[in-house]
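A.B. asks: Chains as they are written, first to last, in the numbering used here: chain A, 31 to 333; chain B, -6 to 81; chain C, 536 to 920.
Source of the hints: derived by calculation from the structure; they are not laboratory data.
Bear in mind that the values here come from a model prediction, so they are computed numbers and not experimental data.
Cβ atoms here follow ideal geometry from the backbone N, Cα and C, with glycine treated the same way.
One or more hints might be untrue.
Derived contacts from chain B toward chain C, CB cut-off under 8 Å, selection only [as the list claims (entries may be wrong)]:
1. Met(-5)
2. Leu(-2)
3. Pro1
4. Arg42
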Amino acid sequence: MTAMFSIKDLVEEEYTLPGNASCPGCAAALSLRIALKVLGPKTILVVPASCISVIQGYYPKTPCRVPVLNVAFASTAAAGSGMVAALDLKGKSDVKVLCWAGDGGTADIGLQALSGAAERNENMIYVCYDNEAYMNTGTQRSGSTPRAAATTTTVTGKPERKKSVPEIMVAHRMPYVATACAAFPLDFAGKLRRAASMPLRGLKYIHLLSPCPPGWRFPAEKTIEVGRLAVMTGFWILYEWVDGRYNLTGPSKGLLDKSKRRPLRDYLSIQGRFGHLTEKDIESLEEEVEEQWKDFARKMSMT
Amino acid sequence: MMQALSKPSEGASGLTGMWRIKRPLLDPEKCNACMLCWLYCPEGTIARRRGGKPSIVYEYCKGCGICSEVCPSKAIRMLRRERGAPDR
Amino acid sequence: MLLTGNHAVAYGVRDAAAEVIAAYPITPQTQIVEKLAEFVEKGQMRARYVRVESEHSAMAACIAAEACGARSFTATSSQGLLYMSEVVFWAGLGRFPVTMAVVTRTLAPPWSIWNEHTDILSQRDAGWVIMMCENAQEAYDTAIQAFRIAEDERLLQPVMYGLDAFTISHTAEEVDLLEKGDVEGYLPPLDPKKLRVYMDPESPGTFGNLVGPDMMMEMRHSIKEAFERAREVIKGAVKEYERISGRRQAGLIEEYKCRDAEVVIVTMGASSGDAKDAVDALRERGVRAGLVRLRVIRPLPREEILEAVKGAKVVATVDRDYSFGYGGILGGELAGFVKNTMCRFVAGLGGRDLTPEDFQGIALKALDVAEKGEEREEFWWGLKR
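With the rest of the complex left out, here is chain A (with noise of 0.2 Å):
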């Protein structure tokens, strides 16, 4: 198990500069935040396009005090293996390479390039900050965005489930997988900090649900709460695939029973982008959330 991470864990020091052009209450821009905290300066960001090749503002300046590559949209996980054997030639073994891309860029451009990576096993760490849609470009649907979600493309719902990416990554027996959210912000650091001191080499992959304010259509101070809700209505769950088991972790481990959890219609009702649906639709929500807990149960007994 990931051992706690308290907030005493994480340094004062700031890696990501105030100032960036994040839009207020990014879950992106706080993710990162964290995540450079428990890396530390020796880390090598690669970003495709994304909100947070935009979040960097306007050369000559940057937030960012780590050294950043910014890369074609579908080949985040390529260029971070380019890097891993540049630096495993050169004997940097101290400097970690942290690939940081979007779902757009993960489930859909970049995908052949990072089950290539997986497959490959190179040696680095992967973030997926997942918005659940193209929200760079305005909120178009992605395969990452959940079925019944309204985005631009897809205005009177989306037809299709939402994609998983983590479980197609653990189908490259990889030796990390983990979920995590933004709004536990912790336990995603947690999860970093072991994938980053593993002493198997390979590749780690974390896939971040991040709340986006304007993508999903709530106020910007609501980030949190809707990141909770999302795990504690278990629509999204928390785990780690690591020695070929899986384990939940932080607030899911207690919601493998239903009634532990909080209602669906809690984390629907307050987004905009589900504004939209009948009774009937929260009701075929529900039953899929309950689906994906089955699901997870068999796998965790399996395993």
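Position chains B and C against the provided structure of chain A, taking the given hints into account.
C.D. replies: Frame of chain A, contents of chains B and C only:
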């Protein structure tokens, strides 16, 4: 020759405090220095003051209000800024 | 040593001590990256080999490796080059001194594996130095020179070099290799501090974040200026290579019997050898023919070409490539500055044979056109009607 790399700087996108509609106001009396506001601030605009209590860096605070929401002792209020009034 | 063009490139890359190779197979390039895999696995090269899942990833990995101070190489061809194209531009516009061998091959559809130059020329606006090899020996030489040119502090741009499918890639020739010590002197290890983009945690910076309209023109202009210096960089690299190898090297262009020529054929790549045979045969028949072979396509060697063709009655360009709605690409480019009468030929597309007899015919046709003052956009040589 032009430099290739951007260099780390505060305010890479300007004084983002200008974006603010509401202003967080911290009541030090109520604050129990749990630092959750510091933890959850997306921008990193809450600093730890001497004595362990947080203080808000208004130049860059975008006024999202997360700090106020996560504060367990309700020590941060969000004030609507008056038009044209000085911010601090 | 008897080597195919593909293996000559691999030996060149080995001798140049490339540190990261990221590659994906494609006919007729595959032997380059197979040979390199063998060198790395057998410990004959101190390098890391990233067996990527696509050409797009190959170039992305090379760029990132270069940004961490490692000398990087890849090879591709045709469809692979087009698939890679987004990242080819990333390397050029980002000024990463990667080098790449391109075995030139016809673009599909329909499928074809034979030679054509449209693939490499499609990347001519990408901010890369582009060179073309004439034979296996030059492929070996260029593989080494390319790193020196790319990494030159006055330039710091990537270099790609083409070798014709099969005629060079799969044809074995006697190739002279350099001594290890000679290469080390010619091509010292890459000093990361000299790179424009170096990911250094001790001195962190961000590469590639937004640039507004207030700065972008200046950034592009700095690449333009680098390309103005590229001519000197290439000439210097070639001259020094002549010294260490003891072999004559073509510079930006190779002139063959141009001095008194009334007709100058302009070519690039492998068929230039056949064109030289044609020049010799024509001269035996009393026709004063000459040849300009473009070894460098970017930067376009305007001055050298003008100097070489200045006395000619007619200049005959031979394109094994085509831009629809425009014409043969080299012919079109030369028409922009060559003042002589020009006769533009498109020939050998899709790997169709181009023999010395064809080149003789091309030269005679060009002379005939010049004498009659017949104006025509272009001739598709050997087209079946």
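A.B. asks: Each hint should be assessed against the structure and marked as holding or not.
C.D. replies: We went through each hint and held it up to the structure:
At its closest, the beta carbon of methionine -5 of chain B sits 5 Å from a beta carbon of chain C; the interface hint therefore holds under the 8 Å criterion. Interface restraint check: leucine -2 of chain B against chain C, minimum CB-CB distance 3 Å, threshold 8 Å, status holds. With a cut of 8 Å, the hint placing proline 1 of chain B at the interface with chain C holds, because the nearest CB-to-CB distance is about 6 Å. Residue-level restraint check for arginine 42 of chain B is violated (minimum Cβ-Cβ distance to chain C is 27 Å; threshold 8 Å).
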